[in-house]
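All the letters of the sequence shown, read from the start, carry residue numbers 22 to 163 under our numbering.
Think of the hints as simulated: they come from the structure by calculation, not from any bench. Do not take every clue at face value.
As the list claims (entries may be wrong) - Here are the simulated distance ranges between beta carbons:
no.	residue 1	residue 2	range
1	Ala117	Ser42	20 to 26 angstroms
2	Arg137	Ala38	22 to 28 angstroms
3	Val48	Val123	29 to 35 angstroms
4	Ser29	Leu82	35 to 41 angstroms
5	Glu54	Gly118	30 to 36 angstroms
6	Glu84	Val48	31 to 37 angstroms
7	Ile122	Glu84	49 to 55 angstroms
8	Ile40	Gly112	19 to 25 angstroms
9	Pro127	Gln37	20 to 26 angstroms
10	Phe110	Gly138	22 to 28 angstroms
11	Thr41	Gly118	39 to 45 angstroms
12	Gly138	Glu34	35 to 41 angstroms
From the three backbone atoms N, C-alpha and C, an ideal C-beta is built for every residue, glycine too.
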Amino acid sequence: ENKWVDQSYHITEIKQAPITSVDCGGVLTKWTEVIIQLWEPGEKQQERAMKARKALSIIELVEKSLSLEADAIVKIEFGNQQFDTRQMFPGEIIAAGENLIVDLRPDAVQCKAISRGGSCGEAEQKNITPSGSSCTPSGGCC
Numbered sequence: 022e023n024k025w026v027d028q029s030y031h032i033t034e035i036k037q038a039p040i041t042s043v044d045c046g047g048v049l050t051k052w053t054e055v056i057i058q059l060w061e062p063g064e065k066q067q068e069r070a071m072k073a074r075k076a077l078s079i080i081e082l083v084e085k086s087l088s089l090e091a092d093a094i095v096k097i098e099f100g101n102q103q104f105d106t107r108q109m110f111p112g113e114i115i116a117a118g119e120n121l122i123v124d125l126r127p128d129a130v131q132c133k134a135i136s137r138g139g140s141c142g143e144a145e146q147k148n149i150t151p152s153g154s155s156c157t158p159s160g161g162c163c
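Starting from the given sequences, assemble the full structure and let the hints guide the process.
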């Protein structure tokens, strides 16, 4: 919250990850994620601030070797000494003068089965009503 990636960051790697998963409801799902990894140098290099043109040239270079899926989910991977490395979603994008501010948001854990209206792998509880005859401790049926 209210933390900034230093403007001298580098795009160190772009990964494309096909994901195949089976959720707790037994449903198979497939999607692709493109993860853009950012790195901050130890010493701030303000004269080397990442420009949009430079970022696009890195993406174009990557696409010469790896065709990125147009409908992939995009995540930004970042961490430094004050912020544990994690993957985040680009949220709101704001143009502020010469700066492009991308609000990064954490991923949230979810139960896909529940979001589909199902259950989360929990056994369904059934109400059992006794039939006409039932055993009792002193009934002699056991």
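Checked hints:
no. : hint                                : in the structure
1   : Ala117 - Ser42: 20 to 26 angstroms  : 38 angstroms, violated
2   : Arg137 - Ala38: 22 to 28 angstroms  : 24 angstroms, holds
3   : Val48 - Val123: 29 to 35 angstroms  : 32 angstroms, holds
4   : Ser29 - Leu82: 35 to 41 angstroms   : 20 angstroms, violated
5   : Glu54 - Gly118: 30 to 36 angstroms  : 31 angstroms, holds
6   : Glu84 - Val48: 31 to 37 angstroms   : 32 angstroms, holds
7   : Ile122 - Glu84: 49 to 55 angstroms  : 25 angstroms, violated
8   : Ile40 - Gly112: 19 to 25 angstroms  : 21 angstroms, holds
9   : Pro127 - Gln37: 20 to 26 angstroms  : 21 angstroms, holds
10  : Phe110 - Gly138: 22 to 28 angstroms : 25 angstroms, holds
11  : Thr41 - Gly118: 39 to 45 angstroms  : 43 angstroms, holds
12  : Gly138 - Glu34: 35 to 41 angstroms  : 39 angstroms, holds
Hints 1, 4, 7 from the list above are not met by this structure, while the remaining hints are.
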